[in-house]
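Enquirer: Residues per chain are reported as follows:
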Amino acid sequence: MKMTGAQILCESLVREEVEVMFGILGGSILPFYDTIPQYPQLRHILVRHEQAAAHAADGYARVTGKVGVCLATSGPGATNLVTGIANAYLDSVPLVAITGQVARPFIGKDAFQEIDITGITLPITKHNYIVLDVSSLAEIVKEAFYLARSGRPGPVLIDMPRDVQIDQAEFHYPSRVVLPGYKPTLQGHSAQIKKAAKLINEAERPLVIAGRGIIISRAYNELKQLAEMAQIAVVTTLLGISCFPESHILSLGMLGMHGMAYANMAVDAADVIIAIGMRFDDRATAKVSAFAPHARIIHIDIDPAEIGKNVRVDVPIVGDVKAVLSELNKLVISAEHVDWLRQLDDWRKEHPSIGIRDSEGLLPQYVIRQIYEVTKGEAIIVTGVGQNQMWAAQHYWYNKPNSFISSGGLGTMGFELPAAMGAKVGCPEEIVWCIAGDGGFQMTIQELATIVKEKVAVKIAIIDNGFLGMVRQWQEMFYGRRYVATPLSGPDFVKVAEAYGLPGLRVTRREEVVPAIEQAMEYQGPFLIDFVVEPEENVYPMVLPGASLAEVLEEPKGEVTLWPRRSTP
Amino acid sequence: MATTKHTLVALVENKPGVLNRMASLFRRRGFNIESIAVGLSEVPHLSRMTIVVDGSTAMVEQVRKQLDKVIDVVRVSDITGDNTIARELALIKVKATSSTRSEIIEIVDIFRASIVDVAPDSLTIEITGDEEKINSLFNLLRSFGIREISRTGRIAMVRGTSGSLSAEKGYPRLVTDTKQSKGHLSREL
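Line by line, the protein sequences are chains B and A.
Per the numbering used here, the very first residue in the first sequence carries number 1; after that it's consecutive.
Per the numbering used here, the very first residue in the second sequence carries number 570; after that it's consecutive.
Do not rely on the hints blindly, as some may be mistaken.
Have a look at the derived ranges for each label pair, beta carbon to beta carbon [as the list claims (entries may be wrong)]:
id : chain 1 : residue 1 : chain 2 : residue 2 : range
1  : B       : Phe112    : A       : Ile602    : 48 to 58 Å
2  : B       : Met229    : A       : Thr653    : 42 to 52 Å
3  : A       : Asp623    : B       : Lys194    : 33 to 43 Å
4  : B       : Pro491    : A       : Asp623    : 37 to 47 Å
Derived list of chain B stretches under chain A, where covered just means 3 residues or more per stretch with a C-beta under 8 Å from a C-beta of chain A [claimed, not checked]:
id : stretch
5  : 331-340
6  : 375-382
Since the hints were derived computationally from the structure, they do not count as laboratory data.
Note that CB positions come from ideal geometry on N, CA and C, so glycine has one too.
Let the hints inform the model, and build the full structure from the sequences given.
Expert: Now the structure itself:
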């Protein structure tokens, strides 16, 4: 039986077990939207801006491990997706973005709402397609989902001209994909794994640096087994947070620019580093030429292009980290590393890093810690970008796998609310807290309408310091406290909440914090708390730009001269 | 870091946009593509590309890996330093008068090039060879007055029987069974 392109697309999405799509329609994607009601298993959530559609699909994908789907019309709808697609690309999140396009006869004519979205998204997608023949559509959808979720996951875009959605073809969903240029290496090379095991077995001061690859590959147990068997301490990257329980005796928390001092010191002193599913981002390594100066580095990653990209690697292993670790664990012998672990423990005691200073005022760190206490560490935390993100990373303790969702690579302010919505839609049984800054929150604030309409019970904590806080911190430290363009005179967030139809509270004092969080938890539905915190609180520890991890600053030291002086963050 | 000329050979799917995807990767890393040549390969829907770039070995290796990640790129190798055959083709239109024509023809003969067009005041010469050979001929002809020159990019191939990048080698693996890999990739939480 012949079907329209729109029907073929729906059928294919059903075959891919899509349960929810986030999007906004428009003229060029209207035939597809018109068909959606024929497929009640495809839930559509109408967002209020396409960027939020991509972030919501991203949040959904991160918590479920499934492919997130977002939709937009041609032209501005498609370009509004761009930030969200780039965000997913840099954080390796499986996404399929479907955009409407003007009908084929109009392509290349600068027609109304025509834009070359495949051209625009070329460097921020794993792959993209424009469907020029309806008979190739099913195959393209199959490929798109396969590419998005396999290997190193990433976003794939399908551009659908309007007339292709109307054209008819026989529907046959392929069972296999034909991609001669794509075959991710899953099993690690056995000789390399042997070399790695030898290095680990001979190490005196071994250290694991674990990244988001552990979470993507669900290799929590394999990592734990390696760490416990050989008594190796584990530090994580920002996106690796929650891949290893932070209350574990071998956990050293996050490394990097705002990582734990002892984690950074451990990296600096280690003699063997096992870097797993991470990519040596500059915020993690600090000054790259001084990174881990005493260590031989084993790098396990599924993407061969990550090997040797930023740091020299002694033993590269390309493969799926779960598969590689389970092989590696067979060869690693149990060890004690008593002296080294004692040293790490001493550092941890001497450099506590996450103590919260005494203050009359309401400190943001205190707010985060109380959210941890009230939720008993069981919540999924979705953060914005900047100070709120760093405090959420530092002061909540993540023991539950995959419970920290954040925009790492692109650092997208405004990610928090739509991503939290996507996470809650993906895991309705979980408690989802959105930790926002007052700056970033206003970038996607319109999604309050969506969460109210769709009854998505996200709990929102705005860490409201009246500044674009992280930039203000840089201005304070490196630009003579000249607060150019960082003060925000925000709206009354409680009234904003009320206008959108959800309850809101303003909290200005310490003793109000816990009752407010409890009230939010008890409420059956979305809830907003505006925590008005100390405006000029800074994030510490901090490794200054250009410094090495060993030079971590643990507390405020007045104005800091940045050397060599740099003009931009 | 010392830069040298690298020759990359890529086997790519013959689809629209492939060239754009590849060129984009070079642009992003600030590489200047010295030459690029594309043509059909021995397999109908695959093309073979020869790209010459200037860069340090580490940087070129990074670009090679990035190119390899492009879905439409089946394989890509850096054949610099391999025992290769490399050729370019050039068409050179040179001014010729009755008094210089025979001298030009003599030079053309020495280079085993050929004359493909004769006009009252010019000759068009076709030459095939490596870059150096073409440069030498060009230098010799310059004194006569060059009207126009058009050069292809370098195309290259590894010598001997085992093609480093023959399409048939490894081609049978083109089908990926998603059923098999899906089990692996959709592991539950």
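Enquirer: Provide an ascending list of the numbers of those earlier hints which the structure does not satisfy.
Expert: 1, 4, 5 and 6
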